[in-house]
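> With the sequences and hints as input, model every part of the structure.
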Amino acid sequence: MANPRVFLDLNIGGQPAGRLVIEFFADSTPITAENFWALCTGEKGIGKNEKPLHYKGTTFHCVIPKSMFNGGDITEGNRLGEESIYSDSFTDENFVNKHTGYRILSMANTGPGTNGSQFLICNAKTEWLDGKNIVFG
1 MANPRVFLDL NIGGQPAGRL VIEFFADSTP ITAENFWALC TGEKGIGKNE
51 KPLHYKGTTF HCVIPKSMFN GGDITEGNRL GEESIYSDSF TDENFVNKHT
101 GYRILSMANT GPGTNGSQFL ICNAKTEWLD GKNIVFG
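Numbering (full-length UniProt numbering), first residue to last: 1 to 137.
Mixed in with the good hints there might be a few duds.
[To be verified] Have a look at the derived ranges for each label pair, beta carbon to beta carbon:
{"no.": "1", "residue 1": "51", "residue 2": "95", "range": "27 to 33 Å"}
{"no.": "2", "residue 1": "16", "residue 2": "77", "range": "17 to 23 Å"}
{"no.": "3", "residue 1": "62", "residue 2": "112", "range": "18 to 24 Å"}
{"no.": "4", "residue 1": "87", "residue 2": "16", "range": "30 to 36 Å"}
{"no.": "5", "residue 1": "130", "residue 2": "30", "range": "33 to 39 Å"}
{"no.": "6", "residue 1": "66", "residue 2": "98", "range": "15 to 21 Å"}
[What the hints assert, rightly or not] Straight-line C-alpha distance at most 30 Å; calculated DSSO-like pairs for lysine-lysine:
{"no.": "7", "residue 1": "132", "residue 2": "98"}
{"no.": "8", "residue 1": "44", "residue 2": "125"}
{"no.": "9", "residue 1": "132", "residue 2": "56"}
{"no.": "10", "residue 1": "98", "residue 2": "66"}
{"no.": "11", "residue 1": "56", "residue 2": "98"}
{"no.": "12", "residue 1": "51", "residue 2": "132"}
{"no.": "13", "residue 1": "48", "residue 2": "132"}
{"no.": "14", "residue 1": "132", "residue 2": "44"}
{"no.": "15", "residue 1": "56", "residue 2": "66"}
{"no.": "16", "residue 1": "48", "residue 2": "125"}
{"no.": "17", "residue 1": "98", "residue 2": "125"}
{"no.": "18", "residue 1": "44", "residue 2": "98"}
{"no.": "19", "residue 1": "56", "residue 2": "44"}
{"no.": "20", "residue 1": "66", "residue 2": "125"}
It is worth saying that the hints were derived from the structure and are not from the lab.
Glycine included, each C-beta is placed from N, C-alpha and C at the ideal position.
Below is the structure:
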């Protein structure tokens, strides 16, 4: 069975900048994959913070050249907000997948068990995140 894929249409300065197609590992990280899928589709409606559980309109609030970019803050838009489809945050599912290089998708967090909506897309090998951030795509 093929891994699920979703897409994010990107804008820079209000102008279309392309479509990012994301494949994620639903077989090895089903809890994390379901959270990401639902936040891409918006199928869970409104969260406990009274804001949509959806990535639409969010920004990449941190870009580290030749390393990664961070986005997905659905509640505050500035890296300080956090909510998942499960509640404020959810536990670390596992660390079987590694930050091996370009195009790795992983959860952004502030410590163990603090996964919410924010994610990282790596532009390089970021092995220092192994065992800390869940790789799920």
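> Now look at each hint and say whether the structure bears it out.
Hints and how they fare:
1. 51 with 95: 27 to 33 Å: 29 Å Cβ-Cβ, so the 27 to 33 Å window holds.
2. 16 with 77: 17 to 23 Å: holds, 20 Å
3. 62 with 112: 18 to 24 Å: holds, 21 Å
4. 87 with 16: 30 to 36 Å: holds, 34 Å
5. 130 with 30: 33 to 39 Å: Since the Cβ atoms of residue 130 and residue 30 sit about 20 Å apart, the hinted range of 33 to 39 Å is violated.
6. 66 with 98: 15 to 21 Å: Once the Cβ atoms are compared, 19 Å apart, the range 15 to 21 Å for residue 98 and residue 66 holds.
7. 132 with 98: Holds. Residue 132 to residue 98 sits at ~10 Å (cutoff 30 Å).
8. 44 with 125: violated, 33 Å
9. 132 with 56: holds, 27 Å
10. 98 with 66: holds, 18 Å
11. 56 with 98: holds, 28 Å
12. 51 with 132: Between residue 51 and residue 132 the Cα gap is close to 27 Å, so the pair holds against 30 Å.
13. 48 with 132: Holds. Residue 48 to residue 132 sits at ~26 Å (cutoff 30 Å).
14. 132 with 44: The hint holds at about 27 Å.
15. 56 with 66: Distance ~26 Å between residue 56 and residue 66 Cα, so the pair holds.
16. 48 with 125: Roughly 35 Å between the alpha carbons, so the hint for residue 48 and residue 125 is violated.
17. 98 with 125: holds, 9 Å
18. 44 with 98: holds, 29 Å
19. 56 with 44: OK: residue 56 and residue 44 at ~13 Å, within 30 Å.
20. 66 with 125: Between residue 66 and residue 125 the Cα gap is close to 9 Å, so the pair holds against 30 Å.
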